[in-house]
Amino acid sequence: MSALFAIAPALPLHKAGKFVAGAYIVFLALVLVYVVIMAIRSQRIERELSELQRDLDAARADSEHDLERVG
Amino acid sequence: MLPPTYGKGLRGLSLATLATISAALALVFFYAPLDANQGFVQKIFYIHVPLAIVSLCGFIFGAVLAIGYLRTGDRKWDMRSYVAIHMSLIFGVGGLITGSIWAKASWGHWWVWNEPTLVSFLIVLLLFATYQPLRFSIEDPERQSRYASVFAIVAGAFVPLNFLAVRLAQQYVHPRVLTLTGGNLPGAMRLTFLVSLLGITLLFVTLWKYEMTTKNTRAQVRRLRRTLLGDDTIRPAGRSAAPL
Chain G
1 MSALFAIAPA LPLHKAGKFV AGAYIVFLAL VLVYVVIMAI RSQRIERELS
51 ELQRDLDAAR ADSEHDLERV G
Chain D
1 MLPPTYGKGL RGLSLATLAT ISAALALVFF YAPLDANQGF VQKIFYIHVP
51 LAIVSLCGFI FGAVLAIGYL RTGDRKWDMR SYVAIHMSLI FGVGGLITGS
101 IWAKASWGHW WVWNEPTLVS FLIVLLLFAT YQPLRFSIED PERQSRYASV
151 FAIVAGAFVP LNFLAVRLAQ QYVHPRVLTL TGGNLPGAMR LTFLVSLLGI
201 TLLFVTLWKY EMTTKNTRAQ VRRLRRTLLG DDTIRPAGRS AAPL
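As you go down the protein sequences, you meet chains G and D in turn. Those letters in the first sequence? Residues 1 to 71, per this note's numbering, in order. Those letters in the second sequence? Residues 1 to 244, per this note's numbering, in order.
If you are wondering where the hints come from, they were derived from the structure by calculation, not from laboratory data. Here the structure is a predicted model, which is why all the values come from computation and not from measurement. Don't be surprised by glycine CBs; every beta carbon is placed ideally from N, CA and C. Be aware that one or more of the hints could be misleading.
Straight line, CA to CA, 30 Å or less: simulated DSSO-like cross-link-like pairs of lysine-lysine [claimed, not checked]:
no., chain 1, residue 1, chain 2, residue 2
1, D, K8, D, K76
2, D, K209, D, K8
3, D, K76, D, K209
4, G, K15, D, K104
5, G, K18, D, K104
Across the chosen pairs, the derived CB separations fall in these ranges [as the list claims (entries may be wrong)]:
no., chain 1, residue 1, chain 2, residue 2, range
6, G, R41, D, V154, 21 to 31 Å
7, D, A26, G, R60, 49 to 59 Å
8, G, A59, D, E139, 23 to 33 Å
9, D, V150, G, D66, 43 to 53 Å
10, D, L122, G, E51, 39 to 49 Å
11, D, R143, G, L32, 34 to 44 Å
12, G, R41, D, T130, 22 to 32 Å
13, G, A58, D, L122, 49 to 59 Å
Reference excerpt, derived from the structure (chain G facing chain D, CB under 7 Å, subset only) [stated by the list, open to error]:
no., residue
14, G22
15, A23
16, V26
17, L30
18, A39
19, R41
20, E48
Could you build all of it, start to finish, from the sequences and the hints given here?
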């Protein structure tokens, strides 16, 4: 990090810098929190899709079993 | 009829957003000159003002989409309006917090009550903060959509009126940098601001499409479950703007 600051232009990071950094961190944090929430929602959809697939397979197996018994 | 696919073009849009925001940050910290009065603190302007502008435009966008619902009765318009208002609220909170930080740095106070721009923005934000409680207090999906749309239109119409009222107010503590006559931003600052505004606008559109894709996919999974398994227990609950 110190190497990065060494090559960066001279920025007044002593007093004003903390406010500017704070504002941009708030923005970044909002976007990150949003992305995390959306990732959780995507996981939920994936789980619902897996459950649907499992229930569908079970229903198909049941109907095949019934057909075999009738036949 | 197949439901609309909101994920189309999302990858390209995401990359464009990333590139624009990266360019905006580079311009903010390596190109735009330091403000003569405020110095380095003025860099907050490039994130605070675009967030506030995009948030207010998003509320109006939500109102326009709500008109689409009232005209057609199709719940997809209501869902679009809901997501636009939801996104605008998030951006609005971002604008409010960054503005508060800027106020502390330049005025010495986190909040100034006698500043019309700040208070009017807070009123708009609080008004739209009641949108979700109002919406989800109604169980019946059709009534929920109708009432939410009417609210979105009325509150959306309030946004430009509020903006005009503040512009016409006499007290100008808050700096005016954007006017019809060109404002008072020098060229390098203006370019940086416009790229930042474009980046935040693209971020809004990307996240809007992202959330629409997620909601639409979930609704499709539920619809599939009902069709394939005849499972009628899987219906959108009261707290959902997803279509049936």
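Status of each hint after checking the structure:
Between the alpha carbons of D/K8 and D/K76 the distance comes to roughly 16 Å, so the proposed pair stays at or under 30 Å and holds. Distance restraint check for D/K209 and D/K8: the Cα-Cα separation of roughly 9 Å lies within the 30 Å cut-off, and the hinted pair is therefore satisfied. Pair hint D/K76 plus D/K209 holds up; C-alpha atoms about 13 Å apart against a cutoff of 30 Å. For the proposed pair G/K15 and D/K104, the alpha carbon gap of about 12 Å is at most 30 Å, so the pair holds.
Pair hint G/K18 plus D/K104 holds up; C-alpha atoms about 11 Å apart against a cutoff of 30 Å. Separation of G/R41 from D/V154 is about 30 Å and conforms to the stated range, judged on CB atoms against 21 to 31 Å. In this structure the supplied range 49 to 59 Å holds for D/A26 paired with G/R60, their Cβ-Cβ distance being about 56 Å. For the pair G/A59 and D/E139, the beta carbons lie near 30 Å from each other, so the given range of 23 to 33 Å is met.
Range check, D/V150 to G/D66: Cβ separation about 51 Å, and the 43 to 53 Å hint holds. As the Cβ distance of D/L122 to G/E51 is approximately 44 Å, the hint placing it in 39 to 49 Å holds. Checked against the given bound of 34 to 44 Å, the beta carbons of D/R143 and G/L32, roughly 36 Å apart, stay inside it. A hinted range of 22 to 32 Å holds for the C-beta pair G/R41 and D/T130, which are about 24 Å apart.
A beta carbon spacing of about 54 Å between G/A58 and D/L122 agrees with the range 49 to 59 Å that was offered as a hint. The restraint placing G/G22 at the interface with chain D holds, with a minimum CB-CB distance near 5 Å, inside the 7 Å limit. At about 4 Å, the closest approach between the beta carbon of G/A23 and any beta carbon in chain D falls short of 7 Å, and the interface hint on this residue holds. Among the interface hints, the one on G/V26 holds; its C-beta lies about 5 Å from the nearest C-beta in chain D, closer than the 7 Å criterion.
At a threshold of 7 Å, the smallest CB-CB gap from G/L30 to chain D is about 5 Å, leaving the interface hint in force. For G/A39, the shortest C-beta to C-beta distance to chain D is roughly 10 Å, which exceeds 7 Å, and the interface hint is violated. Proximity of G/R41 to chain D holds as hinted, the smallest CB-CB distance being about 5 Å (cut-off 7 Å). Taken as an interface hint, G/E48 checks out: its beta carbon lies about 5 Å from the nearest beta carbon of chain D, inside 7 Å.
Consistency note: the structure conflicts with earlier hint 18 alone.
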